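> In order, the protein sequences belong to chains A, B, C and D. Sequential numbering of the first sequence, starting at 1, is according to our numbering. Sequential numbering of the second sequence, starting at 1, is according to our numbering. Sequential numbering of the third sequence, starting at 1, is according to our numbering. Sequential numbering of the fourth sequence, starting at 1, is according to our numbering.
Treat the hints with care, since some could be wrong.
Said to hold, decoys possible - Beta-carbon label-pair distances, calculated as ranges:
{"hint": "1", "chain 1": "A", "residue 1": "Q40", "chain 2": "C", "residue 2": "P14", "range": "22 to 28 Å"}
{"hint": "2", "chain 1": "C", "residue 1": "P120", "chain 2": "B", "residue 2": "A404", "range": "38 to 44 Å"}
{"hint": "3", "chain 1": "B", "residue 1": "L327", "chain 2": "C", "residue 2": "E130", "range": "28 to 34 Å"}
{"hint": "4", "chain 1": "D", "residue 1": "A126", "chain 2": "B", "residue 2": "G406", "range": "52 to 58 Å"}
{"hint": "5", "chain 1": "C", "residue 1": "P120", "chain 2": "A", "residue 2": "P37", "range": "24 to 30 Å"}
{"hint": "6", "chain 1": "A", "residue 1": "E122", "chain 2": "B", "residue 2": "A404", "range": "46 to 52 Å"}
{"hint": "7", "chain 1": "A", "residue 1": "Q40", "chain 2": "B", "residue 2": "A82", "range": "35 to 41 Å"}
{"hint": "8", "chain 1": "D", "residue 1": "A126", "chain 2": "B", "residue 2": "G176", "range": "27 to 33 Å"}
{"hint": "9", "chain 1": "B", "residue 1": "S110", "chain 2": "A", "residue 2": "D120", "range": "31 to 37 Å"}
{"hint": "10", "chain 1": "A", "residue 1": "G36", "chain 2": "C", "residue 2": "E119", "range": "22 to 28 Å"}
{"hint": "11", "chain 1": "B", "residue 1": "A82", "chain 2": "D", "residue 2": "L54", "range": "41 to 47 Å"}
{"hint": "12", "chain 1": "B", "residue 1": "V399", "chain 2": "A", "residue 2": "D95", "range": "46 to 52 Å"}
{"hint": "13", "chain 1": "D", "residue 1": "T83", "chain 2": "B", "residue 2": "L127", "range": "28 to 34 Å"}
{"hint": "14", "chain 1": "A", "residue 1": "D95", "chain 2": "C", "residue 2": "E33", "range": "46 to 52 Å"}
Stated by the list, open to error - Not the full set, but computed from the structure, chain B residues with beta-carbon under 10 Å of chain D:
{"hint": "15", "residue": "S32"}
{"hint": "16", "residue": "L108"}
{"hint": "17", "residue": "V112"}
{"hint": "18", "residue": "S173"}
{"hint": "19", "residue": "G176"}
{"hint": "20", "residue": "T177"}
{"hint": "21", "residue": "A180"}
{"hint": "22", "residue": "V245"}
{"hint": "23", "residue": "G250"}
{"hint": "24", "residue": "A255"}
{"hint": "25", "residue": "L261"}
{"hint": "26", "residue": "Q265"}
{"hint": "27", "residue": "P269"}
{"hint": "28", "residue": "V274"}
{"hint": "29", "residue": "I276"}
{"hint": "30", "residue": "V277"}
Just so you know, the hints here were simulated from the structure itself, not pulled from any lab data. No experiment lies behind these values; they were computed from the predicted model shown. Heads up, the beta-carbon is just placed ideally off N, CA and C, and yes, glycines get one too.
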Amino acid sequence: MTRERIVDARLHLLSRQVLDADGEPVRAVDDLELTGPDGQEARPGEAVRVGAILVGPSLFTRLFGGAVLASRLPRIAWSDVAHVGTAIELSVRSDELDADWVELWLRDHLVGRIPGGRHDPEADG
Amino acid sequence: MKKVMGAALGILTAIGGFVDIGDLVTNAVVGSRFGLSLAWVVAVGVVGICLFASMAGRVAAVSGRATFEIVRERLGPRVAGANVVASFAITLLTLTAEIGGIALALHLASSVEPRLWIPVAGLAVWLVLWRVKFEVMENVAGLMGLLLVGFAVALFLLGPDWGELLRQAVPPSPPGTEHAATYWYYAVALFGAAMTPYEVFFFSSGAVEERWTAKDLATNRINVLIGFPLGGLLSLSIAACAAVVLLPAGIEVSALSQIVLPVAQAGGPLLLAVVIVGIVAATFGAALETALSSGYSVAQYLGWSWGKFRRPAHAARFHVTMILAVLLGVGILMTSVDPVMVTEMSVVFSAVALPLTYVPILVVANDPQYMGRYVNGRFVNALGTVYLVIVVAAALAAVPLMIATGAGS
Amino acid sequence: MNVGDLLDAHVEEPEGARVGVVVDVRFALAVTEPEGEGGEEDRENPDAPLSEHTATRDEVGAARLVGLLVSPRSAGSFLGYERTDVRSPWPVPQLVRRRHRGTFLVDWADVAEVRTGSEPVVVRLAAGYERRSPAL
Amino acid sequence: MHRGQQEPGQATASVADALVEARSAAETTRLTVDLLARGRVTGPVADTALLDQLDALDEADRALTTLVPPDVTSSDRRTEGLTTVGDLTDVVVQAREWVAARSGGDLAGADAVPADADALLDDLAAATDAVEQALSEAGGP
Chain A
1 MTRERIVDAR LHLLSRQVLD ADGEPVRAVD DLELTGPDGQ EARPGEAVRV
51 GAILVGPSLF TRLFGGAVLA SRLPRIAWSD VAHVGTAIEL SVRSDELDAD
101 WVELWLRDHL VGRIPGGRHD PEADG
Chain B
1 MKKVMGAALG ILTAIGGFVD IGDLVTNAVV GSRFGLSLAW VVAVGVVGIC
51 LFASMAGRVA AVSGRATFEI VRERLGPRVA GANVVASFAI TLLTLTAEIG
101 GIALALHLAS SVEPRLWIPV AGLAVWLVLW RVKFEVMENV AGLMGLLLVG
151 FAVALFLLGP DWGELLRQAV PPSPPGTEHA ATYWYYAVAL FGAAMTPYEV
201 FFFSSGAVEE RWTAKDLATN RINVLIGFPL GGLLSLSIAA CAAVVLLPAG
251 IEVSALSQIV LPVAQAGGPL LLAVVIVGIV AATFGAALET ALSSGYSVAQ
301 YLGWSWGKFR RPAHAARFHV TMILAVLLGV GILMTSVDPV MVTEMSVVFS
351 AVALPLTYVP ILVVANDPQY MGRYVNGRFV NALGTVYLVI VVAAALAAVP
401 LMIATGAGS
Chain C
1 MNVGDLLDAH VEEPEGARVG VVVDVRFALA VTEPEGEGGE EDRENPDAPL
51 SEHTATRDEV GAARLVGLLV SPRSAGSFLG YERTDVRSPW PVPQLVRRRH
101 RGTFLVDWAD VAEVRTGSEP VVVRLAAGYE RRSPAL
Chain D
1 MHRGQQEPGQ ATASVADALV EARSAAETTR LTVDLLARGR VTGPVADTAL
51 LDQLDALDEA DRALTTLVPP DVTSSDRRTE GLTTVGDLTD VVVQAREWVA
101 ARSGGDLAGA DAVPADADAL LDDLAAATDA VEQALSEAGG P
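Isolated chain A (complex conformation) (with noise of 0.2 Å):
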């Protein structure tokens, strides 16, 4: 059966937990990007809804200003989320979005090149 849940933005979606489809955490939702039909402009008045989940320098832009290119943000499609709970839950696993890149160049390039980095710390003591 499908109907509409009302949500308002600051009390259920900026700043919680994303989580991919593995449970594994992504990031905190920054900012959320609206669009139009058809992935036009978001015009006031007309129907708008949420295109895109932003994370990273949106985050330092809401909080001391300036503007980041808004195609340079790293962004999740909100076709890519399946639920909104406590955390909001993607349907996709996080090494196929291109959001993470931070977290994944200090894997290969730090934390994975120090002995042990890719030891399991539950396998053994």
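With chain A's structure known, arrange chains B, C and D on it following the hints.
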């Protein structure tokens, strides 16, 4: 049988994990200057940490969200950002104090100067965080920290005048030689030492990492409700030892070496050795918890993957944050700052920062959208409101008292 | 345009009189209920993690912008109180509600213009806009 | 009153504060020496305890040296305080050498090392009495 063992283990680690360098130093300083006239503050602090930890654990277990995810979501990115910066700074200060405590305790054991032990202690902390299984780490540190029970043994061996100790404690009668402002300054410090925020970050993050069930929640509540008060008794026995031996001699504690002298007097080298091992274990365990908490706070605010349960490569930014925190702590100590002074600062600022995390947790524990039927009951809420007042009052009074008394001197 | 642009924006009537600030942005989520599964019952199983159900398990579709919540007073954090009837712990909800009395909802259809070029962002309402109840 | 100076009462109180610290160091030293003589404490702990007391005395000495006495009385109190803290420091240094000698250091027979614990405790008692005397003249507790 296995169940009983498991429950006992949980309680024992909670006792051993309760006392850290902050409790050790603050209780000994207070005992040597005020006798047991501030014992009531330890009681207030212990009830407070039981309330706060069990509430944070319940919120984390039911919602699956740890403290700083909730802090950000409730306060918005701006206020929560300031909050996370303050909490990180205080956790870092506490981490610094704990690493310093390890080095001072090893100095007592070996005569090798602390400056040489500090990098060793930092490296050891990192290696355990990097490599050792969470459960092993928690249990070993907690059980060995239990050796601090040597302070209680020492108190009995000293054979003090129990009636006199009780008279100091109830009703509280501060010695006439101290100013009222100094008395209240140490009351705030003692409260901050008992109710350190990092214990709560650690506890609630553990609830998320271990994916607690209703059963786990019940067990952990019992561990806290029994373990923390017993840990509080341990704190009081440290204060009482100082009150019995050091206070009459006019000794004011300013170094870790003075804290263990009553133990030596009561129990000789053997008990002394036991207590020194206990101090190393307790400060080491607390260093692990504070290092983890520094990673938890930043990672949860920014939504990074975090946790001791993941391979380090799968929580890369979290591990990098912890490495930086340990390096910073070691760096601060290498400037030859006095670790005992760092400890005193850390407990006072813990009291200042407490409302920043206490209030959001109290609010969310009442939110049915998060908690379903696990919202706070009426009794917990009444207690929660009483502590809201205490926590805010202590936070507001801390800095003015610190300035007025010249940090208690 | 992002939600972050709208939050804390100043709201004006058609003639330019200021009526308040945007304190939140309301959406309608299209959701599909899962078959025969209940959130609360999961918690009864003592061996399942309490966080298992993570509130609601319904599948989420598009999020349609419904309107803006406007407060005549300051912007800032709500601690999640003003649109629910949670009363504890005293006195936090009572204080928060006091600060945000008079909050109302305007339909997105009643928004005539959003000027994002300047700081602060200004939202101008259309003539004949309606003040609706902010309750969820 | 001139700039940079304290009121006479305040200056004397600062002298008293420093002497309270010195008295605490003296008593800690006495306790440590006594415990070591009775074999209750290990060498490293005793050594560390005395080292910490030398730090405390250093601090007390510094507080007295940097004080600017506004009148004759507080100046006298300061001079007396400095002398007693200096004498006490000498005894604590001796005590530390005695600890080192007991822990098997190659110091036995050196002039600076006291013959036994009793001689050391006598010296310490004399130095502590001087501190107490100076403290009561400065109006301390």
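> Hint by hint, say whether it matches the structure.
Checked hints:
1. Q40 (chain A) and P14 (chain C) have their C-beta atoms about 25 Å apart, which keeps the hinted 22 to 28 Å range intact.
2. Restraint check, P120 (chain C) to A404 (chain B): a C-beta distance of roughly 42 Å satisfies the suggested window 38 to 44 Å.
3. Distance hint check for L327 (chain B) and E130 (chain C): the Cβ-Cβ separation is about 58 Å, which falls outside the suggested range of 28 to 34 Å.
4. Against the hinted window of 52 to 58 Å, the Cβ-Cβ separation of A126 (chain D) and G406 (chain B) comes to about 32 Å, which falls outside the hint.
5. At roughly 28 Å, the beta-carbon separation of P120 (chain C) and P37 (chain A) lies within the given 24 to 30 Å, and the hint holds.
6. Separation of E122 (chain A) from A404 (chain B) is about 51 Å and conforms to the stated range, judged on CB atoms against 46 to 52 Å.
7. Here the CB-CB span from Q40 (chain A) to A82 (chain B) is close to 38 Å, well matched to the stated 35 to 41 Å.
8. Distance hint for A126 (chain D) and G176 (chain B): a CB-CB separation of about 29 Å, consistent with the stated range 27 to 33 Å.
9. Range check, S110 (chain B) to D120 (chain A): Cβ separation about 35 Å, and the 31 to 37 Å hint holds.
10. Between G36 (chain A) and E119 (chain C) the C-beta distance comes to about 24 Å, which sits within the given range of 22 to 28 Å.
11. Checking the proposed 41 to 47 Å range against A82 (chain B) and L54 (chain D) shows it holds: the Cβ atoms sit about 43 Å from each other.
12. Look at V399 (chain B) against D95 (chain A): about 47 Å separates their beta carbons, and that is inside 46 to 52 Å.
13. Range check, T83 (chain D) to L127 (chain B): Cβ separation about 51 Å, and the 28 to 34 Å hint is violated.
14. At about 30 Å, the CB distance of D95 (chain A) to E33 (chain C) disagrees with the hint of 46 to 52 Å.
15. Checking S32 (chain B) against chain D by beta carbon gives a least distance of about 9 Å; that is within 10 Å, so the hint holds.
16. About 5 Å separates the beta-carbon of L108 (chain B) from the nearest beta-carbon of chain D, less than 10 Å, and the hint is met.
17. For the restraint placing V112 (chain B) at the interface with chain D, the shortest Cβ-Cβ distance is roughly 9 Å, inside the 10 Å limit, so the hint holds.
18. A least Cβ separation of about 17 Å between S173 (chain B) and chain D goes past the 10 Å threshold, and the interface hint is therefore violated.
19. Given the 10 Å rule on beta carbons, the hint for G176 (chain B) holds: about 9 Å separates it from the nearest Cβ of chain D.
20. Of the supplied interface hints, the one on T177 (chain B) holds, with its beta-carbon coming within about 5 Å of a beta-carbon of chain D, less than 10 Å.
21. About 16 Å separates the beta-carbon of A180 (chain B) from the nearest beta-carbon of chain D, more than 10 Å, and the hint is not met.
22. Given the 10 Å rule on beta carbons, the hint for V245 (chain B) holds: about 8 Å separates it from the nearest Cβ of chain D.
23. The beta carbon of G250 (chain B) is positioned within 10 Å of a beta carbon in chain D (closest approach about 5 Å), and the interface hint is therefore held.
24. This hint holds: A255 (chain B) has a C-beta 4 Å from the nearest C-beta of chain D, less than the 10 Å allowed.
25. For L261 (chain B), the suggested interface contact is upheld, since its CB lies about 6 Å from the closest CB of chain D, less than 10 Å.
26. Given the 10 Å rule on beta carbons, the hint for Q265 (chain B) holds: about 6 Å separates it from the nearest Cβ of chain D.
27. Hint on P269 (chain B) holds. Least Cβ distance to chain D is approximately 5 Å, under the 10 Å limit.
28. Interface restraint check: V274 (chain B) against chain D, minimum CB-CB distance 12 Å, threshold 10 Å, status violated.
29. The beta carbon of I276 (chain B) comes within 8 Å of a beta carbon in chain D, closer than 10 Å, and the hint placing it at the interface holds.
30. Annotation: V277 (chain B) was flagged as interfacial toward chain D, and the flag is violated, the nearest CB pair being 13 Å apart, outside 10 Å.
When held up to the earlier numbered hints, the structure conflicts with 3, 4, 13, 14, 18, 21, 28, 30 and fits the remainder.
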